[in-house]
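Peer 1: Chains as they are written, first to last, in my numbering: chain E, 1 to 637; chain B, 1001 to 1451; chain L, 2001 to 2320.
The hints are simulated quantities; they were obtained by calculation from the structure and are not laboratory data. Where hints are given, some of them may not hold.
To be verified - DSSO-like cross-link-like pairs, simulated, lysine-lysine; straight-line CA separation at most 30 Å:
id, chain 1, residue 1, chain 2, residue 2
1, L, Lys2203, E, Lys462
2, B, Lys1072, B, Lys1035
3, B, Lys1010, E, Lys360
4, B, Lys1200, L, Lys2003
5, B, Lys1203, B, Lys1068
6, E, Lys360, B, Lys1018
7, L, Lys2203, B, Lys1118
8, B, Lys1014, E, Lys567
9, L, Lys2076, B, Lys1118
10, B, Lys1014, B, Lys1086
11, L, Lys2076, L, Lys2272
12, B, Lys1446, E, Lys462
13, B, Lys1200, E, Lys591
14, B, Lys1106, L, Lys2076
As the list claims (entries may be wrong) - Okay, the calculated beta carbon distance ranges per label pair:
id, chain 1, residue 1, chain 2, residue 2, range
15, L, Gly2307, B, Leu1063, 34 to 40 Å
16, B, Glu1047, E, Gly155, 41 to 47 Å
17, E, Ser18, B, Arg1436, 53 to 59 Å
All values reported here derive from a predicted model rather than from experimental measurement. Beta carbons are placed, not taken as given, at the ideal position from N, Cα and C, and that holds for glycine.
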Amino acid sequence: MKTCRVSFQPGGAVVSVSEGTLLLDAAARAGILLDMPCGGQGRCGRCRVKVESGEVTGRENIHLSQEDMAQGWVLSCTARVVGDLAITVPPKVERDRAIVELPSARAAAQIALHWPRYPALRRAYLELTPPSLEDNAPDLERLRRGLRQEANLEGLELDVYQMRELGATLRQDNWRVSATLDASGPGNRLVDLRPGRIKGPLLGLAVDIGTTNVVAYLVNLDNGRLLGKASRMNRQVSCGEDVISRIVFSQREGGVDTLQNLAVDTINVLVKELAQAHGASPEDIGDMVMAGNTTMAHLFLGIPPRYIREEPYVPTATHFPVCTARDLGLAIHPRASVYCVPSVAAYVGGDITAGVLASKLYESDTLSLFLDVGTNGEIVLGNKDFMMTDACSAGPALEGAGMRCGMRAMPGAIEDVRISSLTLEPTIKVIGDVPAQGICGSGLISAVAEMLVTGVISKGGKIDLDYVLSRQPERPRARPGESGPEYVLVWAGEAGGGTDITLSEVDLENLVRVKAAIYAGIMVMAEKSGIPLDTVERVLIGGAFGQHINVEQAIQIGLLPDLPWDKFHFLGNTSAWGAYNILLSKHARSKVEELVAGMTYVELIADNSFMNEFTASLFLPHTDADRFPSVAHLLSR
Amino acid sequence: MALTAIEIYKYLPKTNCKDCGFPTCLAFAMKLAQKGAELSACKHVSEEAKSALEAASRPPIRLVTIGKDGRKVEVGNEVAMFRHEKTFYHQPGLLLRVKDSAAPDKVAQEMAAVASYKVERVGMQLSWNGLAIQNDGGDKAAFLAAVKLAQAHPELALVLMSDDPDTMAAALGDPAVAGRLPLIYAATEANWQKMAALAKQHKCPLAVRAGGLDALATLTEQVAAAGIEDIVVDPGARDFGDSLNALTQIRRLALKKSFRPLGYPVITFPGEKASSQEEEVLLATQHIARYAGVIVLDHFSPAMAYPLLTERLNIYTDPQKPLQMQAGVYPFGKPDPASPLLVTTNFSLTYFSVSSEIESSGFPTWLMVVDTEGQSVLTSWASGKFDAEKISKAAKNFKVEEKIGHRSLVIPGAVAVLRGELEGEFPEWKIMVGPREAVGIGPFLKQNWAR
Amino acid sequence: MPKVEAPVEKWRGRVQEVRLGGDGRKQVTVGGESTLPFLHFDGEIPHRPVIAAEVLDMPPADWAENVVSAWGDALKSPAAWAKKAAQLGADLIFLRLASAHPEQGNTSGAQAAKTVSQVMEATDLPLIVVGPDVAEKDNEVIVAVAEAARGQRLALGTVTDKNYRTIVATAMAGGHAVVAQAPMDMNLSKQLNILCCDVGLPKDSLVMDPTTGALGYGMEYALSVFERLRLAALQGDAMTAMPILCHAGYESWRQKEAKAVEGVPVSWGDQKVRSLLWEQMTALTLLQSGAEIMVLRHPRSMDVVRGVIDRLMARQGPVS
Ligand code: SF4
Ligand code: FES
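Same shape as in the complex, but just chain E:
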């Protein structure tokens, strides 16, 4: 048998192997361990290496384009050595993060630099001329004059409480004062007046109130820098896990107040944490922008949200009055203004409009699809000419809830699953270095995709007990369970909780419904606008959901449309980024108001389109396999 020499770059290792050896085995002989996410089945396309010279067999693979092949790319798990070879191994890509969130410092800088910096909050240090018999203007007049002349600020507004202290404050440091003014309204509202020069920057707070998590960004308004981030579980969770149960709670006696307080408490804890970490006082925070879904905004402001869930689903407001921290009980500067990002409709909230702002979808000609998926899926389709949006109810499965072995994405959660198509044995990846305790949303997507591809489940989402038994006669992982057939991901012996971690057909069905609702929501918009889905040039994914998801597997189950992977971009917490934008620039604030006015809300049940699309999507990946050509190709093998 012929022996071939294979050299590997970088590193320059050379091995001799016999003809017909798999490239990945040759690499192993050379001490190079290639990533094999699918276990070397040629299914994931991640083990690619480049053949610089020489011949191999087994070049063709769905994961390689014509161009790739022309350049010499092959999959090391399918290509076999034919003659002498020179191979280049690409740098390792972190597994399952082929498409990753922008590093946040960079993202923050990009956002900070995107808008002309023009915060609503200004501070002026004034050295006023003390009054005299010749210049006997009243104190207030003197302050106004100083602001006008020294800081070019007109139209000072202040209230009677501030006026009561004015005389003393001005004189305390001999007419040297620092005035902080809020220019978000028509005039300049006095937020703070203190004797002398204040050291330290002017601070602002951008907050994303999610149904589950609250995230706060502390921002230096003087230079636009993001100083720090903190996040906590929304304390309202104790009064209901999802939006609906929270609205139900709000309808109890004192319910709205309780929820309002809990939201504020959560933020106050974050404020304290951030202030401490940055040696600032909470009082230094003079401006705040809040983005949250419509219900969260209502509750944060203490507005009863009940009408949101009663037909015909109208919120009390989509635009909210600017109020002060004191009105709401926030532990920042009591006169700091608090701006809530406006909503489009009951189920398309300020988190989405802030997200659209942050995604800059409205700026380019590129047709983009923006997705934010949690217990609801919100979808925006558009570009600089138009934007349309809808929302569907997805249920909590993607947040790991509602399943027997479901859990949030935290240490102990299975977030990635690979199943061998030969042995049907799964390999799992768990968040944190701990035994598996349950499965989170991304793990669920991953598991279902693998079960589909390996034939453990049918396209209808039903477990094929006979098939699994035929492959695993000893200890089959699929078995009849209490609530129908189930698949054992982790045996009790290896699990953190000491019991089997399983997925039942009911869990599968839940996931199928969720993905169907989201995909149908996307399709309805394509249909209503008359824009074919395959003309979408970018898919922008915001929200927590995006952080752990594997695009390939999300496509395999038909959750995301079958577009080339490089069209998908994860943007991270777009809601918080949007709030950050607005904090930094009044232009961004007027932009978001403009965006809201221009977004067209599509009611899903106005006709039958959603019903049709939804039923068509209750299948893996979809009833119409033509819409998922890459998956159809995979399944046909």
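On the provided structure of chain E, position chains B and L with the ligands as indicated by the hints.
Peer 2: Showing chains B and L with the ligands alone in chain E's frame:
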């Protein structure tokens, strides 16, 4: 060809000024694309854009009205080959032909039967549209007499059938007859100038008859050139096969080729080639589903009128908006306060399958139907319209607690997830998860309520 | 120069052909069209739609008087019933093993096999055999029937997304076809077809039952489902291209409008006329939407509908 929302949007000012009553220009464009709004609602479109949009939205089939008020027939303006593509908009007129050669008292009797016939279905009053009076023996006086008899029923739509322009002129000479705006049947190659003149003089719609589509198109162009716009065409096909062909081709030519000379409603006569009354009704059935605008039958009886009216109602139901059941609590088989209470949505198909299973189970049962805007169980759940709140509100509205002594509620198995939510809404109730499919209802009831 | 150019549609796809019936016996092939129903000018219609007579293996309990009297004594035995249906010109026998229902006698698989052989002795028409629509019993009786009638190429049912594995496997082993029923939704029908084919069922062994709605009871939904399936098939989707079976008889005769003699409005007219029209109109409307196998109940309806099919099958060229 119809424009998509985004194509229409390109022509709009994109200012989102809301003057049209829609929140954005795109929302307005989507309504326009669905033909749910008029372009004139936006005062800001440029002339250029207006002409482009109007050309694209000109109806490919002329809307023609026969008769005045009452049971006038308004047909045409269709945009779909298949009802699922959009909907069929204008129900074909159903008329009875009487011949002037028949005994006058029999004619009067038939007319009265048509005029007085009424039947109720799903809360709607259905009736026959009108009469066609045929000049059978070529006797002008007989025709005038028959027309006169029809004057006793001024609410009915009328078709006057005579190929003789003089006879037609005489009938229309009575202003009370011409004032009913009857359809003049028919202009043919031989008489079209005179018939067209009559139609023009009396502002009546005119039927044009020719054998084959070529001859028909030639004739309609001539008639149109003579200034007649409201035309109904008769391609002369009378049997099942030829009329299916002819009507399909006319509809295709109008919709897909924008062929104006055949962009008119079609009149058919299912009785002429039928070998039995059943066949006549079946051919009329075909014509309802396949593209006729005016259907003139030769027989009339309640037993055939009722199914035909039902057929027409079915075919012309808007498939985009499923027929919804009235929400409420429905009793099956004399239930008492101890009988089971089931809940489902008001999508009529869901209701049909659930109710027929309950009925065939023979179990006295209450069925609460919740208004989900006509969406099925799963869809309404997915779009957030079938949830605990809705169900509990429905229960309150329908005063369920007064009708029912026990406190357990059976929900569809497909939405077992609602159970927890419902237990929150109905603290003192027991929520039971029923079968996933309607077929399981019988066994389920038996298992849980057998005493 | 003709003024009007015939607007002919050329379709990419074709309806799947399915042959039923055993060697040496009468066979029926349905499907194969490359055009919408009866539109001969667009494409070919190699096989006419067929009529199946609905036959039960026990005397029907709640059938309308005018159907019962039309069949007379034949109702007493499935063999006699099938024989009479054949004499009346049925193309197929649709045999429902109603007596296997746990509450209708709970008859066994062996009994079912016996019934089927008796019927096959009485007539050489191809058979569609379905169980009582109770999953476990269906499996039991259909497995027995499939065994007993090996090679006779029956259509067995009813396959649903719950039980398809067993019946499909049984049918494949015995060389039979299946009838796959999904609840009145184009996508659900297609999904079930895919599932059946995924477990190895050849495409030419599958007949779709997309669920029928009678006139006034969802007929328009069924119509649109049939039309959408057929259009998709003609556009080249092989997974919607199976021939369609339609229960116009069963669904129509279930309704008050067909059954009720008394206690209904006068405007409903004579029940004897109304009931037959109800069945025939449902049948015709759905034949024109794509049904290939029409299951009917009343002998007169079979006759009238066949007459109409004859006239629709007489080849017509384009009109112009
Ligand atoms: S009136 Fe015209 S410009 Fe104004 S929103 Fe409507 S479509 Fe747009
Ligand atoms: S390891 Fe080679 S394709 Fe997955």
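Peer 1: Next, verify each hint and record whether it holds.
Peer 2: Structure-based check of all given hints:
Of the pairs offered as hints, the one joining Lys2203(L) and Lys462(E) holds, with about 22 Å between alpha carbons and a cut-off of 30 Å not exceeded. For the hint linking Lys1072(B) to Lys1035(B), the alpha-carbon distance of about 23 Å falls within 30 Å, and the restraint holds. Pair hint Lys1010(B) plus Lys360(E) holds up; C-alpha atoms about 21 Å apart against a cutoff of 30 Å. At most 30 Å may separate the alpha-carbon atoms for a hinted pair to count; Lys1200(B) and Lys2003(L) meet this at roughly 26 Å.
For the proposed pair Lys1203(B) and Lys1068(B), the alpha carbon gap of about 12 Å is at most 30 Å, so the pair holds. With a CA separation close to 25 Å, the supplied pair Lys360(E) and Lys1018(B) stays within the 30 Å bound. Only pairs whose Cα atoms come within 30 Å are accepted, and Lys2203(L) paired with Lys1118(B) is rejected, the gap being roughly 49 Å. A distance of roughly 28 Å separates the Cα atoms of Lys1014(B) and Lys567(E); the hinted pair therefore holds under the 30 Å criterion.
Pair hint Lys2076(L) plus Lys1118(B) does not hold up; C-alpha atoms about 41 Å apart against a cutoff of 30 Å. Taking the CA atoms of Lys1014(B) and Lys1086(B), the gap is about 27 Å. The hint holds against a cut of 30 Å. Distance hint between Lys2076(L) and Lys2272(L) is fulfilled; the C-alpha atoms sit about 23 Å from each other, no more than 30 Å. Restraint check: the Cα-Cα separation between Lys1446(B) and Lys462(E) comes to about 28 Å, which is no more than 30 Å; the hinted pair holds.
Note on Lys1200(B) and Lys591(E): the hinted pairing is violated, with a Cα-Cα distance of about 59 Å set against a maximum of 30 Å. Restraint check for Lys1106(B) and Lys2076(L): the C-alpha separation of about 47 Å exceeds 30 Å, so the hint is violated. Against the hinted window of 34 to 40 Å, the Cβ-Cβ separation of Gly2307(L) and Leu1063(B) comes to about 36 Å, which satisfies the hint. Taken as a hint, the range 41 to 47 Å holds for the pair Glu1047(B) and Gly155(E), whose Cβ atoms sit roughly 45 Å apart.
A hinted range of 53 to 59 Å for the beta carbons of Ser18(E) and Arg1436(B) is consistent with their spacing of about 57 Å.
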